[in-house]
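Engineer: Same order as they appear, the protein sequences are chains B and R.
At position 377 of the first sequence the residue is numbered 377 (this note's numbering), and the sequence of numbers has no breaks.
At position 168 of the second sequence the residue is numbered 168 (this note's numbering), and the sequence of numbers has no breaks.
Fair warning: there could be bad hints in the mix.
Claimed, not checked - Here are the simulated DMTMM-like cross-link-like pairs (lysine to aspartate or glutamate), alpha carbons at most 20 Å apart as the crow flies: (1) Lys174/R <-> Glu83/R; (2) Lys89/R <-> Glu26/R; (3) Lys25/R <-> Glu13/B; (4) Lys25/R <-> Glu14/B; (5) Lys205/B <-> Glu221/B; (6) Lys108/B <-> Glu83/R; (7) Lys63/R <-> Glu269/B; (8) Lys27/R <-> Asp11/B; (9) Lys7/B <-> Glu309/B; (10) Lys7/B <-> Glu28/R; (11) Lys25/R <-> Glu4/B; (12) Lys65/B <-> Glu269/B; (13) Lys27/R <-> Glu186/R.
Derived from the structure by calculation, the hints contain no laboratory data.
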Amino acid sequence: MYWEPDKECMDREELEQLQLERLQSTLNRVCAHVPFYRRKFDELGIAPEDVQSLSDAARLPFTMKSDLRDNYPYGMFAVPLREVVRVHASSGTTGMATVVGYTRNDLKNWSNLVARIITMAGVTKDDVIQVSFGYGMFTGALGLHYGAERVGASVIPASSGNTARQIQFMRDFKSTALVATPSYALLLGDTLREMGIPVSALSLKWGLFGSEPWSEAMRKEIESKLGIVATDNYGLSEVMGPGISGECLERNGLHFNEDHFLVEVVDPETLAPVPDGEVGELVLTSLTKEAFPVIRYRTRDLVRMLSGECPCGRTGRRMSRVLGRTDDMLIIRGVNVYPLQIEHVLMEIEGTEPYYQIVVDRKGAMDEATVLVAAGESIFFDTMRKQKEMVDRIRAKLRQELGITVEVKLVERKSLQQFEGKAKRVVDNRKL
Amino acid sequence: MLRVKNLQVYYGMIHALRSVSLHVKEKEVVALIGANGAGKTTLLSAVSGVVRASSGEVTLGGKAITRERPDRIVRDGIAHVPEGRHIFKPLSVEDNLLLGAYHRYSLAKRSAVRHEIDGIFSLFPVLADRRKQVAGTLSGGEQQMLAIGRALLSAPKVLLLDEPSMGLAPKVVKEIFGHISKLRAERGMTILLVEQNARGALAIADRGYVLETGKVVLQGPSEDLLANRDVQRAYLGRERED
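All chains, full assembly: derive it from the sequences and hints.
Structural biologist: What follows is the structure, given as structure tokens:
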């Protein structure tokens, strides 16, 4: 099912022409209306008309979270406030909130893009969709809400919290689709079990999850606990909110809405583009936004672009799920390593659990990394030979994935659980 | 169908078009709106080869036509109806139409072209009534129809219309816009339309581009442009009350 087949399955060449046109008009507008961008362009000696191809975008300045904060609250708006019909803010957990705005056209485009994501995740106008994101300044809830209304589904704005009541809504209103954070979905699943309510008492079919990184293992857990098909979708309020990319039912990566966003993946250290398949920082440029356009916004989210066509027929390129944050990056022997890369390798290996710890030491001038892997109970009853085989297999896979050799040790899960709350993934003993 | 990429045009020291990119798909009506001097006519002229672009690329159905002579571009399938019609006033209506097919006319094709002229007459019946009349005696609206009819006789793939509503009475403007819609609906014509009358143009166009001092500052579906406050203020003459 497509929401806008002519856009979602657009011929790549046609798409690239459209992206160029939209990029050029966005640049002309930000230069005329946003002093921040005009100054940045002047500093680099770039005029909008110098951008004559999509690859020329690499010459444009980056925009950072701190730039948005420095221009708090309305400094980055490209239209007068009277044309803004909605204001959202990103959570200020890491500092001052950043404020974003939408014109009427922006809201229309936003709902439409979310409608695409919702449709590709299986939801139709016949569904009853429960939005269990917190409503308010956060873009997630209202973004999904408007998109679901656009699709024509029956929307239940449950908001977050009060888990027992959420479950009551699900039962009484016969919700068929759930929008939540993956961790909240797990909590809902566990609460169901505690309350002794079987999944069969609910009508849930679909789950649309986002706004925090999650793993394939979590997907399986959520799917079995709630009896649904779970898909991932991605967005961030600084760029628009949800609707930037999402998984189709093939569930092999998140399709970008490339007619509205220019996508780049760069090395967070050198800022040079990385080839498809390699992990890097996602950088996004809005192509149609009127109130709050962003040029080369560094998301700090680590992803890899997937190559090849998707059997669903959509031509929008796909990204992996978010593999981590640039802040989590480790540099081992000069190679960038992200903890979530290791998790992904372990997930593919039978007999291991997605619990692990990376210990980095420096012996002389050399970095040495050891991955402690929690093995399932059965493996400890196996012979030494089998255990060694498994270690070798993990080591080989990790080498393939990371490009460096790391030591691998099998340990019991308990020995990794010595930390309160969130597991500590990295122990860096290097004195740098 | 028609694709323009990074078109730059200078008139001496004046940078008239700054990296303009746009496209018109088959059977699409696309409006190009903007103030006087924004570069709208320059863009059409650069596409039809009347004005030379200093850089950039124009392709028609995948074929580059940027550096071609205007008469070659007509043969390739682009017909330009210039601002102010530029019909041949001393000639009859029929002869004006015949001249539209000059590049492909031969004795062998005479009857085929005659047949096409009849087609134009059924499209614009008012011209049929005046087929022997001297074109200069036609009203403004009739002259515009004649100019469009003459362009159609070059058997174009894309029609470029420059200010077809200029100088016409409101009722006639409506009629002309009606004819343009019909060209697409009935003949499947692909049209790039330059207009000062932004409201009228956007009402019949699928998409639009807003040109300001030689740059595209906005583009999108017509309904989005009509809803944009900048467009409303600058080109629609009033703000829509919400």
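Engineer: Please go over all the hints and tell whether each is borne out by the structure.
Structural biologist: Now for the hints, and whether the structure bears them out:
1. With a CA separation close to 18 Å, the supplied pair lysine 174/R and glutamate 83/R stays within the 20 Å bound.
2. Between lysine 89/R and glutamate 26/R the alpha-carbon distance is near 33 Å, which puts this suggested pair outside the 20 Å criterion.
3. With a C-alpha separation of about 13 Å, the suggested pairing of lysine 25/R with glutamate 13/B holds against the 20 Å cut-off.
4. For the proposed pair lysine 25/R and glutamate 14/B, the alpha carbon gap of about 10 Å is at most 20 Å, so the pair holds.
5. Between the alpha carbons of lysine 205/B and glutamate 221/B the distance comes to roughly 15 Å, so the proposed pair stays at or under 20 Å and holds.
6. Between the alpha carbons of lysine 108/B and glutamate 83/R the distance comes to roughly 36 Å, so the proposed pair goes past 20 Å and is violated.
7. Distance check on the hinted pair: lysine 63/R and glutamate 269/B sit about 42 Å apart at the alpha-carbon level, beyond 20 Å; violated.
8. As the CA atoms of lysine 27/R and aspartate 11/B are separated by approximately 17 Å, the hinted pair is consistent with the 20 Å bound.
9. The suggested pairing of lysine 7/B with glutamate 309/B holds, with an alpha-carbon distance near 16 Å, which does not exceed 20 Å.
10. For the hint linking lysine 7/B to glutamate 28/R, the alpha-carbon distance of about 16 Å falls within 20 Å, and the restraint holds.
11. With a CA separation close to 17 Å, the supplied pair lysine 25/R and glutamate 4/B stays within the 20 Å bound.
12. Between lysine 65/B and glutamate 269/B the CA atoms are separated by roughly 16 Å; this keeps the pair inside 20 Å, and the hint holds.
13. Taking the CA atoms of lysine 27/R and glutamate 186/R, the gap is near 10 Å; set against the 20 Å cutoff, the hint holds.
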